[in-house]
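Novice: Following the hints, put chain A in place on chain H, whose structure we already have.
2 protein chains.
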Amino acid sequence: MSNDHRPPEGRHDERAFVNSADSHVVEPLDLWQERLPARLRDRAPRRIEQDGRWVFLVEGMAPKKMGSPSDDESGDADGAGHFRAGGFDPDLRVGDLDEDGVWGEVLYPTIALFGFLIPDPELRWACARAYNDWLAETFASASKRFAGAAMIPVHEVATAVDEIERVAGLGLRSVMLPMHPPPDRPYNLDVYDPIWAAAQDHGFPVSFHVGTGASPWTERGPGGAVINYVEVGLGAQRNLAYLAASGVLERFPELHVVMVECGAGWLAWVLERMDEAFEEHASWVKPKLAAKPSDYVRRQGHVTFGNDASGVHNRHFTGVEPLLWASDYPHPEGTWPHTRETIARIFADVAPSEQAAIVGGTAASLYGFER
Amino acid sequence: MSNDHRPPEGRHDERAFVNSADSHVVEPLDLWQERLPARLRDRAPRRIEQDGRWVFLVEGMAPKKMGSPSDDESGDADGAGHFRAGGFDPDLRVGDLDEDGVWGEVLYPTIALFGFLIPDPELRWACARAYNDWLAETFASASKRFAGAAMIPVHEVATAVDEIERVAGLGLRSVMLPMHPPPDRPYNLDVYDPIWAAAQDHGFPVSFHVGTGASPWTERGPGGAVINYVEVGLGAQRNLAYLAASGVLERFPELHVVMVECGAGWLAWVLERMDEAFEEHASWVKPKLAAKPSDYVRRQGHVTFGNDASGVHNRHFTGVEPLLWASDYPHPEGTWPHTRETIARIFADVAPSEQAAIVGGTAASLYGFER
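In the order they appear, the protein sequences are chains H and A. For the first sequence, this note's numbering assigns the number -19 to the initial residue and increments by one for each residue that follows. For the second sequence, this note's numbering assigns the number -19 to the initial residue and increments by one for each residue that follows.
Here chain H stands alone, though its shape is the one from the complex (with noise of 0.2 Å):
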């Protein structure tokens, strides 16, 4: 059993407990194929040949380009080259752990990913409970070092709570939320207070991964990969504003709420910003929190990184609680297989416990990791 591995280093330094808070299964391409009800499978998520390539179809959206058939079929799922195996395969992906000095790690999808976009709403919630039946027999069940996070689409309330409950039960110790609501329903209303209080019951984190709930590809002009990818960053500081100033954390004080795959480096600002709004322009301030925006995000925020380094540089700013370090395994900007040596540049001048907490000891707190 994976269970049986014990991470490289000894128990003595508590910076040798690495936790990544962000990491990626690889979905089987038939997984919703293979487990939608059979009323529904024809509009599974599948890949198809088009035109001599191969193409990923997700109703909804455009067409992915997959590459061709004379291609490796190893899942080449989002475009970002191909995965290692450990995407889909726990037994390895314990191993590439293992090499790589990490412990535990919160899974998040590839392909489901964009499942938020789907449409129709019997479509979008079979393909959710199918992503995380596999998720919990595939992962959860296969090892204590994997924490995966359900996927819940907002659009149904009453639905997205009686699923955190479903998954609950199968073991799975998260939930993941679209980044992006519905427009006419943003995250400062209170109709979603049903989802938060579910959460805060279950001691689940809530997390947000950039790129969900809106197509992350929305400039397609010069410059668009560059663009992008700094676009849905911003999504991960709106959001982080949104729950802290509309007083959701404040209403839900045992909820953590976690901005995944968006760096660290801009939260002393938006901390900032945050507070000087609240106080410089208090007339217009509504609700008005027992404490500063700031506060709440200290106590209950979190966000991942990986390679970049102002985010650490800024502990002093934002507190040490909500810096996640995470590899974004087995993607190609994350740190596997060097975390290591990312590990040692970002925190040379970082006191012990200061790093033992941000390379994994609050994802342990957040997400029950345990050695």
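Simulated from the structure, these hints should not be mistaken for laboratory data. Please note: incorrect hints may appear among the correct ones.
As the list claims (entries may be wrong) - Some but not every residue of chain H turned toward chain A, in silico, with C-beta under 7 Å: (1) D80; (2) G201; (3) Y209; (4) L214; (5) A225; (6) G245; (7) W249; (8) V265; (9) D288; (10) S290; (11) P312; (12) E313.
This one's a predicted model, so the numbers in the text were calculated from it and none came from an experiment. Where a beta carbon is used, it is the ideal one built from N, C-alpha and C, also for glycine.
Specialist: Below, chain A alone, put in the same frame as chain H:
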């Protein structure tokens, strides 16, 4: 003449040469009724009484509440409290600057910030020219300590180039473009090259003030005042990515671009984020810049900040040249009349040469401030 004033501190310490890269004038409420061509005067931006309240009208925008006629009429044009008379009187203004330890200022508008949103091109251009004329006559001609930023709409590129030529002759020293360009013509398109070329030729920094070109009040629900203040800062981050990643800064290597009133604490993150996409997603990156996107920003990009310290803390990541301190006089969220205390706090641990560059030296180079 205002020119005769001397900064209160001696010339021996360059840290005492403080120049604000973002300050505001407050236009007379009848500026456009006085200065527009006769045929447009009844459509001029103006204050009227409506249902017993003052409102300010700008064609194409919702009326803006300004208090009741029984209030003091000193010019509460943006609802942000009563402004100092230095907003429209250059001699009183110089007195305020001297008391606060500030030498030069880059001047941005108050009411005219919303002039970019006037839908009709003829009226929009007439309003811009009237503002530019007033700014030049009132402030640019009064003292070399005032560097006026001309308002330049961008819908009609040839007209914009003509206006840049015209304001150069009026003694204005910078141009202000809308932060949000027309939605169908983002700043990564080469249609704007004549504007960049004209600004570069005149040595005019091109600035983008937060909240211009699109309504800055997008969120009106819970937390809106705080959320919107964050959101306008996101516009600055996006804009810098557009200008760097698309190659604008590469094609115009002497052009300087300035994001105004957005704070600086996010800049390290934008630089790291752009470079990560540029390097790790290289196969999708167009154009292939000769250097990393961050290199162009370090050379040609700038951001203004006032009270917030995290941007200065990150200067190791961003370089010192992009950072421009600003008072935001006479706004309540600015540093006036406590500039000395604010600067002492923010720069407590900063080398004197770095402080000198950030509080005034770089602005002096960009905008031509001389003592």
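Novice: All hints, please: hold or fail.
Specialist: Against the structure, the hints:
no. : hint : verdict
1   : D80  : 17 Å, violated
2   : G201 : 5 Å, holds
3   : Y209 : 4 Å, holds
4   : L214 : 5 Å, holds
5   : A225 : 3 Å, holds
6   : G245 : 3 Å, holds
7   : W249 : 3 Å, holds
8   : V265 : 5 Å, holds
9   : D288 : 4 Å, holds
10  : S290 : 4 Å, holds
11  : P312 : 5 Å, holds
12  : E313 : 4 Å, holds
In the structure shown, a violation is registered for the earlier hint numbered 1 alone.
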